[in-house]
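In order, the protein sequences belong to chains H and E.
With the working numbering, the residue at position 198 of the first sequence is 198, and numbering never jumps.
With the working numbering, the residue at position 185 of the second sequence is 1185, and numbering never jumps.
Keep in mind the hints are simulated off the structure, nothing from the lab.
Be a bit skeptical, because a hint or two may be false.
SDA-like cross-link-like pairs, simulated, lysine to any residue; straight-line CA separation at most 20 angstroms [to be verified]:
{"no.": "1", "chain 1": "H", "residue 1": "K149", "chain 2": "H", "residue 2": "R104"}
{"no.": "2", "chain 1": "E", "residue 1": "K1045", "chain 2": "E", "residue 2": "P1059"}
{"no.": "3", "chain 1": "H", "residue 1": "K149", "chain 2": "E", "residue 2": "R1223"}
{"no.": "4", "chain 1": "H", "residue 1": "K149", "chain 2": "H", "residue 2": "M1"}
{"no.": "5", "chain 1": "H", "residue 1": "K131", "chain 2": "E", "residue 2": "A1133"}
{"no.": "6", "chain 1": "H", "residue 1": "K131", "chain 2": "E", "residue 2": "A1226"}
{"no.": "7", "chain 1": "H", "residue 1": "K131", "chain 2": "E", "residue 2": "D1120"}
{"no.": "8", "chain 1": "H", "residue 1": "K149", "chain 2": "H", "residue 2": "K167"}
{"no.": "9", "chain 1": "H", "residue 1": "K149", "chain 2": "H", "residue 2": "R114"}
{"no.": "10", "chain 1": "H", "residue 1": "K167", "chain 2": "H", "residue 2": "D191"}
{"no.": "11", "chain 1": "H", "residue 1": "K167", "chain 2": "H", "residue 2": "G134"}
{"no.": "12", "chain 1": "H", "residue 1": "K131", "chain 2": "H", "residue 2": "D91"}
{"no.": "13", "chain 1": "H", "residue 1": "K149", "chain 2": "E", "residue 2": "R1136"}
{"no.": "14", "chain 1": "H", "residue 1": "K131", "chain 2": "E", "residue 2": "H1229"}
{"no.": "15", "chain 1": "H", "residue 1": "K131", "chain 2": "E", "residue 2": "L1228"}
{"no.": "16", "chain 1": "H", "residue 1": "K149", "chain 2": "E", "residue 2": "L1056"}
{"no.": "17", "chain 1": "E", "residue 1": "K1073", "chain 2": "E", "residue 2": "L1228"}
{"no.": "18", "chain 1": "H", "residue 1": "K149", "chain 2": "H", "residue 2": "D191"}
{"no.": "19", "chain 1": "H", "residue 1": "K131", "chain 2": "E", "residue 2": "T1225"}
{"no.": "20", "chain 1": "E", "residue 1": "K1073", "chain 2": "E", "residue 2": "S1173"}
{"no.": "21", "chain 1": "H", "residue 1": "K149", "chain 2": "H", "residue 2": "L118"}
{"no.": "22", "chain 1": "H", "residue 1": "K149", "chain 2": "E", "residue 2": "A1133"}
{"no.": "23", "chain 1": "H", "residue 1": "K131", "chain 2": "E", "residue 2": "S1173"}
{"no.": "24", "chain 1": "H", "residue 1": "K131", "chain 2": "E", "residue 2": "R1136"}
{"no.": "25", "chain 1": "H", "residue 1": "K167", "chain 2": "H", "residue 2": "D179"}
{"no.": "26", "chain 1": "H", "residue 1": "K149", "chain 2": "H", "residue 2": "E59"}
{"no.": "27", "chain 1": "H", "residue 1": "K113", "chain 2": "H", "residue 2": "E180"}
{"no.": "28", "chain 1": "H", "residue 1": "K149", "chain 2": "H", "residue 2": "A106"}
{"no.": "29", "chain 1": "H", "residue 1": "K131", "chain 2": "E", "residue 2": "T1170"}
As the structure is a prediction and not an experimental result, all values here were calculated from the model.
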Amino acid sequence: MLRVDITKQLGEFTVAASFTSEGRVTGLFGASGSGKTSLINTIAGLLRPDRGTIVIDGETVDDTTAGIHVPTYRRRIGYVFQDARLFPHLDVRQNLDYGRRMNRLADDPAQRKRVVDLLDIGALLDRRPGKLSGGERQRVALGRALLSKPRLLLLDEPLGALDESRKLEILPYLVRLRDEAGVPMVYVSHDAAELRQLATQIVMLRHGQVTAFGGVKVLTATS
Amino acid sequence: MLEISPTEWTAILLSLRVAVIATLVATPFGIALAWLLARRDFWGKSVLDAIVHLPLVLPPVVTGYLLLLTFGKRGMVGAWLADHLGIVFAFRWTGAALACGVMSFPLLVRPIRLSIEAIDRRLEQAAETLGAAPWRVFATVTLPLALPGVLAGMVLGFAKAIGEFGATITFVSNIPGETQTISSAIYSLIQTPEGDSAAGRLVIISVVIAMSALVAAEWFARRATARLHGH
Chain H
1 MLRVDITKQL
11 GEFTVAASFT
21 SEGRVTGLFG
31 ASGSGKTSLI
41 NTIAGLLRPD
51 RGTIVIDGET
61 VDDTTAGIHV
71 PTYRRRIGYV
81 FQDARLFPHL
91 DVRQNLDYGR
101 RMNRLADDPA
111 QRKRVVDLLD
121 IGALLDRRPG
131 KLSGGERQRV
141 ALGRALLSKP
151 RLLLLDEPLG
161 ALDESRKLEI
171 LPYLVRLRDE
181 AGVPMVYVSH
191 DAAELRQLAT
201 QIVMLRHGQV
211 TAFGGVKVLT
221 ATS
Chain E
1001 MLEISPTEWT
1011 AILLSLRVAV
1021 IATLVATPFG
1031 IALAWLLARR
1041 DFWGKSVLDA
1051 IVHLPLVLPP
1061 VVTGYLLLLT
1071 FGKRGMVGAW
1081 LADHLGIVFA
1091 FRWTGAALAC
1101 GVMSFPLLVR
1111 PIRLSIEAID
1121 RRLEQAAETL
1131 GAAPWRVFAT
1141 VTLPLALPGV
1151 LAGMVLGFAK
1161 AIGEFGATIT
1171 FVSNIPGETQ
1181 TISSAIYSLI
1191 QTPEGDSAAG
1201 RLVIISVVIA
1211 MSALVAAEWF
1221 ARRATARLHG
1231 H
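So here's chain E without its partners, still in its complex pose (with noise of 0.2 angstroms):
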């Protein structure tokens, strides 16, 4: 029961390369949204915040087939992106990366954006008096102040990401050691006759995973609220 089959290792190790890029990659852009979100007023704004919250209400399935529309080999970005930049989504992992970030984006981006609303911004004001520059006051007061939101959203993402299915499988299907993740593998698994044991230890591995992701979210929130209050 505990031996862990070469194909579910592949599986394993695929999720979680899957999962680590696509948080590394979307959270420079989570990190602006959410201080756009939190200290900016623009015309467009809900519309742009209720875009971010898409993917979390969307049937995954929808997401995936929007992505395929538009990432995919004849999509008007993927086209462009294969032809001029070389990087290609279609039936890749990469794609399966793509399809995770876009899924785990909404839980990136909310506490982000709590942490930074959270910031007394008379402590940027005193920033600016000392000297510093609107961008220098982001890098030495606000980002620091939010980065235990910061790390906790990127906790967050990672576990949202690594359990991605319906976005995935639509986009990218479901190719053995390129993008078979484990949610993938466990659907192939429950549908084969002798696959219930192997599945079963593949779905024990996701619970440990997403549990030491809440676990570790939780951790950085306690964090957080101790590093504004100066201790």
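Bound-form chain H, shown alone (with noise of 0.2 angstroms):
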């Protein structure tokens, strides 16, 4: 479960959102300078709300009257962002690794095994990631964030870098991590098609407010 109620003073724009989702895939719809990335990367603690609370997973990681901010990295959340931020000084297993040994948790190969094979990245392991593909270099980064086991997985466009072809190329692994990880998602996209496939539940934002809130059907209204 998802909680948020936090306002945010960026500037001249302010970004004002109030939801809680219950929803596997949570999509955070809008166009382009609606606060989608500001009300994410809140989410994420990468950014510190005026006034407000997030509660993840039931644990209030943000209670601005309470004084509580929990840092990004105690947050356990995953994080797949539009350009996929691969180490560039890690190869593939190792970037993949990394989370893991971060959050100092037990090896787990079968857990690995299941997410390489899911994302169908087992014979990449050895590349470093300047010699991957964009969509290859996307799947790589959905598999990192899985394996740091989050309670909740963020993810910021993370088509939005790749052409046409290369999507189609992503969506199915999307939509089976959506039915097969078990890990709750907030998805941010201005596509409107893209959410109708994967997302469970609808956030309208336009100018950093929420202007509607439902099932995928929301979408319909204005598309």
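Fit chain to chain and form the complex, with the hints in mind.
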């Protein structure tokens, strides 16, 4: 479960969002500049809200009146960025293992094999990120986030930097992830078609404000 | 002409020892300062930046004199270190290392700072989302990616340290076997009537060491670029 009720001032721009989502995939939908990335960064702890609370999986990670702000590295979240942000000095195997090492989790070969198979990245393990295509990079980034065993997976336009055919290459993996990985997701996109395929709940944002909240059918009203 | 005399060897080995120690001791401070200057905003940052660069623009004899006032036997810091830790700089090779370390510090810090500034901070953010506490982000992402810059800084600092003259001779004088480095040996030799050929040999050795250091620094800089692009 994810509960968000925050306001955050960024220059002239104000993000004010309040919603509670039980869904497997919460889609944050809006045009560019609607505050989607600011909102997901606040959930990640990379931005600190000016006011309000964020509760992830029953744990209060932000509460401005109680002075609570759990730093990003203790939130046990996974984050897949639009630009994969793989570590260039590590090969794919080391990238995948990074979150497990940092969270001091025991080695779990079965889980690793599951994720590697799910994302079809077994052939890439010894390569450096510089030698991967955009789509491959994004799959590795998904695997890296999953293997840190997050309780919430944040995805910020993970297909945004890919061309149409690459998008179609990744989309089935995301559907499998939703159905098999068992980790709730927050999925940011400006593409209604993408969210129709993936999301179970939609938070619609406009100029930093939530304008609609509900099932995927709220998307039909606008597009 | 190519025969190197024992006195010359002593000066060469002393120079190497002084430069190696100066570089190794200065590097951790250099990394810390480079990170501070690259990544933090704080009150007095531009003053700190200026102080780091000061040895580059001050006459070396001034730096040497300031070191003598501070770290000499009657200097504030020097007296304290001698009384409490038994560390003496005045007229010792350790003083030569301190002078070389201070003089080469700006050259050490600069490449490290540039390589830290060149690192995509979004990578550090990604590390944080994967559960890495700030110091582990530094140890596992920032430092490895800056490593070629660190090595380049060390090479440049070493080359500067091995050639240092003005501050060293002012601070610890020119004592054969204790503080007489290649530079001060050359200085002594060209003042003596028969010293030309010996001075010539040491000059050639200086040129070779300096050139090798510059080539090595260039090589590390190219490695840094390749590393940041993930090849």
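Cross-check of the supplied hints:
no.	hint	result
1	H/K149 / H/R104	holds (11 angstroms)
2	E/K1045 / E/P1059	violated (23 angstroms)
3	H/K149 / E/R1223	violated (34 angstroms)
4	H/K149 / H/M1	holds (16 angstroms)
5	H/K131 / E/A1133	violated (29 angstroms)
6	H/K131 / E/A1226	holds (12 angstroms)
7	H/K131 / E/D1120	holds (18 angstroms)
8	H/K149 / H/K167	violated (25 angstroms)
9	H/K149 / H/R114	holds (13 angstroms)
10	H/K167 / H/D191	holds (12 angstroms)
11	H/K167 / H/G134	holds (10 angstroms)
12	H/K131 / H/D91	holds (10 angstroms)
13	H/K149 / E/R1136	holds (19 angstroms)
14	H/K131 / E/H1229	holds (10 angstroms)
15	H/K131 / E/L1228	holds (13 angstroms)
16	H/K149 / E/L1056	violated (51 angstroms)
17	E/K1073 / E/L1228	violated (47 angstroms)
18	H/K149 / H/D191	violated (28 angstroms)
19	H/K131 / E/T1225	holds (15 angstroms)
20	E/K1073 / E/S1173	holds (14 angstroms)
21	H/K149 / H/L118	holds (15 angstroms)
22	H/K149 / E/A1133	holds (17 angstroms)
23	H/K131 / E/S1173	violated (56 angstroms)
24	H/K131 / E/R1136	violated (26 angstroms)
25	H/K167 / H/D179	holds (19 angstroms)
26	H/K149 / H/E59	holds (16 angstroms)
27	H/K113 / H/E180	holds (14 angstroms)
28	H/K149 / H/A106	holds (11 angstroms)
29	H/K131 / E/T1170	violated (54 angstroms)
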